[in-house]
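**Q** Here's the letter readout for the chains.
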Amino acid sequence: MLLHHLRVIPHLVRMHVRSQMEYRGAFWLDRLAQVLSYGSVFATIGILLARFQTLGGWTWPELALLFSFQLLAYSLGAAMSFVQLRDLEELVRLGTYDTLLVKPFSPWAYLVFSGLNIGYAGHIILAVPLLGWAVLSVDFAWSASSVAFLLAAIVSATLLTGAMITMIGATALMWVRSNHLFSIFFGFWELTRYPLNIFPGSIQITLITAVPLALTSSVPVGALLGKPIPILGDWAGPVALVAGPVWVLLAMAHWRYATRKYQGAGG
Amino acid sequence: MNAYLAFTRSAFHAQLAYRNEVWANIFGKLVQVVARVAIWLAVYAGAGATVVDGVSLQQMVTYALLGGAVMGATRPERIIGEIGRSLKTGDIAVWLLKPLSYPLYLFANECGSFSYRLTTQVIPTVAFTALFYGMLAPASLFHGLMFVAFWALSFVLIFLMSALFGLIAFWLMTSFSLDWILGALLHLFSGVLVPFWFFPEPLATIARHLPFAWVVYYPNAVYLGRLSVADTWLHLGLGLGWAGLFLSGVLWLWRMASRRITVQGG
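Protein chains in written order, with the numbering used here: chain B, 216 to 482; chain P, 7 to 272.
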């Protein structure tokens, strides 16, 4: 079964990439627009820092590291999940999800890989050079272990992002509509460009537990740079590393549960 | 006229249909407003001052809360998305057959969505957060009344800018990038997060002259009394000038666009 999946997945990805690249001009214009959009967000934070020097005790290069890390981890996780799982609601509503259930293939794997979103290239084109600049600019003595931590934290944050989006999407199997939960997700996600310590306690707790997006940004980056992390303290580093795999297990359990509850909504 | 009022009413009611979404959106808006205030509390704490460049922390908190009110009820991406969708599905062609104006329909529709978001999300969240953080009253009765006029102008301007960007999709055949580009310009140059008095020169001077400034910066600056009476009238006039310019742009683009409709959908 696994071998069968592994053989089919590259075909699914190739077909979708070809369809996305059909209008090359439009594709790259869209990516440029995304670079401009996140670039403007980053420039606004830069303007704020140029006037005030620090935000919650973080300097400009430290915030650049935080912003680029957050954007990179999100785009890698979301490429594997967001549009695919957001569209699941519509598949359930129209009844087309039923056709995935009768395929000799995992519905989750089919959804994710047949819709693998290379559109996140714009995010990555902005995030990677910025991450490189920030790594060289922060006042921090890099070592092999800190570099390894940074890479492992990106992997964990990617997994956590994908797991959360999967859970929100899978909820549509039970409720038919689940996309409003993405409003809450993105409401919190925008906060994770900033250090956790600037927010009120209730938001800090939410960002570590129920909507644990701080674990994909300021918690790992803060732990790396030796910043004080609210609530987690010295546990910040280990928690950020295990969060991804743990939430993947939770997402798998949720997906199975939601699939069992699925009754179909289409005509 | 009745037809357009019906579009406004139906846009309002259509959004009320899903209660869970109402709550999710209120929650999302609340988090956003709290975050904006938190950012200002943190930067002022970092600067170790309660007044920076003649602006008090309480004024900045008020600015952040108002920013949510002014900008929060209009969603440019929905207007651009609506035009993009009509273009993709071919529905746009149907508008040429109806004795109605498509740009006016879009405006009526946005008025309905605006009223819905204003009453269910923006006013409750701003009022709720104002109770916690405190919000200054308008600098004077004149500034308060003028803020309402600037707010209405801001709504019209965002609508016209979004419609203009949306109509460009007729030539690009995609609305995705237009939505992101307008979003980028508004984020940086409307003053929604950082007001121009904290911008470095000459960026501040450039930003003050761009039309995006009338979306958030000028309404808020008027409320806080940072513009004299004469300057307030002058800027209202300039803003109306921008609105007139964008309106002619929208009408001209729609005329050009309706001549080159290529129906692909339906």
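Be aware that one or more of the hints could be misleading.
To be verified - Restricting the straight-line Cα-Cα distance to at most 20 Å, the calculated cross-link-like pairs of lysine to any residue (SDA-like) are: (1) P:94 <-> B:217; (2) B:318 <-> B:217; (3) P:94 <-> B:305; (4) B:442 <-> P:53; (5) P:94 <-> B:242.
As the list claims (entries may be wrong) - Footprint (simulated), chain P over chain B, 3 or more residues, beta carbon under 8 Å: (6) 261 to 269; (7) 445 to 451.
Stated by the list, open to error - Derived contacts from chain B toward chain P, CB cut-off under 8 Å, selection only: (8) 248; (9) 355; (10) 358; (11) 362; (12) 415; (13) 418; (14) 420.
These are calculated hints, taken from the structure and not from any lab test. Glycine included, every Cβ here is placed at the ideal spot set by N, Cα and C.
**Q** Looking at the structure, which of the earlier hints fail to hold?
**A** The structure conflicts with hints 1, 7, 9, 10, 11 and 14, although it agrees with all the remaining ones.
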